[in-house]
Amino acid sequence: MDARSMWDPWQEMRRLQREMEHLFADATPAWRWPLGGEYPPVNVTRGDNGLVLEAPCPGVDRRSLDVTVVGDAVTIRGERKAEEGVPEERYHRRERQLGSFSRTMGLGERLDAEHTRATYSSGILRLQLARAPEAMPKKITIQS
Amino acid sequence: MATTTTAPPAATRHEMFERATRTVSPRVDIYEIDKAYVLLADMPGVTPDGLDVEAERDTLTIRGHVERPSTPPDYQEFELADYQRVFTLTEDLDAANVTATLRDGVLRVEIPKSPLTQPKKIPVRTE
Numbered sequence: 001m002d003a004r005s006m007w008d009p010w011q012e013m014r015r016l017q018r019e020m021e022h023l024f025a026d027a028t029p030a031w032r033w034p035l036g037g038e039y040p041p042v043n044v045t046r047g048d049n050g051l052v053l054e055a056p057c058p059g060v061d062r063r064s065l066d067v068t069v070v071g072d073a074v075t076i077r078g079e080r081k082a083e084e085g086v087p088e089e090r091y092h093r094r095e096r097q098l099g100s101f102s103r104t105m106g107l108g109e110r111l112d113a114e115h116t117r118a119t120y121s122s123g124i125l126r127l128q129l130a131r132a133p134e135a136m137p138k139k140i141t142i143q144s
Numbered sequence: 001m002a003t004t005t006t007a008p009p010a011a012t013r014h015e016m017f018e019r020a021t022r023t024v025s026p027r028v029d030i031y032e033i034d035k036a037y038v039l040l041a042d043m044p045g046v047t048p049d050g051l052d053v054e055a056e057r058d059t060l061t062i063r064g065h066v067e068r069p070s071t072p073p074d075y076q077e078f079e080l081a082d083y084q085r086v087f088t089l090t091e092d093l094d095a096a097n098v099t100a101t102l103r104d105g106v107l108r109v110e111i112p113k114s115p116l117t118q119p120k121k122i123p124v125r126t127e
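Residue numbers (my numbering), protein chains in the order written: chain A, 1 to 144; chain B, 1 to 127.
Derived by calculation from the structure, the hints in this document are not laboratory data.
Please note that a few of the clues may not be correct.
[What the hints assert, rightly or not] Examples of chain B residues lying across from chain A (beta carbon under 8 Å, computed):
(1) R27
(2) D29
(3) Y31
(4) D42
(5) M43
(6) G45
(7) F78
(8) D104
Backbone N, C-alpha and C define an ideal beta-carbon position, used for all residues, glycine too.
One chain only, chain A, in its complex shape (with noise of 0.2 Å):
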């Protein structure tokens, strides 16, 4: 997970794919995400007061939103139910990924699940990660 020493398949092909989109620009629409890897994608923001973690998961089931920290680990578990009462037979375009997901993560910190908050909106799902009290940087006194 740590950008800096992780080669990422996905986001080479994502960027590949942008890529092409551009040349095609006019002949194919904009392009969609994701086009692969595990879901939900995420992106992660590093900060003096710990780490911001966001996820786009539209139309998640809310009772099946699940957040577990363990460690330095985050996972991600959720349901995205197709509407109730629809016979496939009636579908005449389904490109939308349905079906449970979860998603584990190292963020390479010890983190503070006690001190954990986890949002839902807009279909996006963000948490905010404390770092564990050991994991914080220490300022160390220089005496003369």
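Could you slot chain B onto chain A? The hints should help.
This is chain B only, laid out in the frame that chain A set:
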């Protein structure tokens, strides 16, 4: 690693412009019920204020605006962009009575069939 660049190179400026103007095509499901067609579109990041659904004669256009972060994330797998997709409607649809709802980043558009093409229940009498 020291950087002394004061202005972004030309390629970066071009990419920034491209990102600012590009739209993505949302993934959709379309199904048919007796009186209408229902379209579901994944548009995470869109709020009701940023949503625009237009049905005019034979086209249905869905657009969604997303607020993008001011600073790029440290690790990135997705990039939000405005959504746009245009559908062609056939004559047997009632474009004037389209309804749209947005919930948890999923847009649901219901397009009624024209009253003329809706199945009519014919009562059968037994004698």
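Checked hints:
1. R27: holds (4 Å)
2. D29: holds (5 Å)
3. Y31: holds (5 Å)
4. D42: holds (5 Å)
5. M43: holds (7 Å)
6. G45: Cβ of B:G45 sits 5 Å from chain A, so the hint holds.
7. F78: holds (4 Å)
8. D104: holds (5 Å)
In terms of the numbered hints stated before, the structure departs from none.
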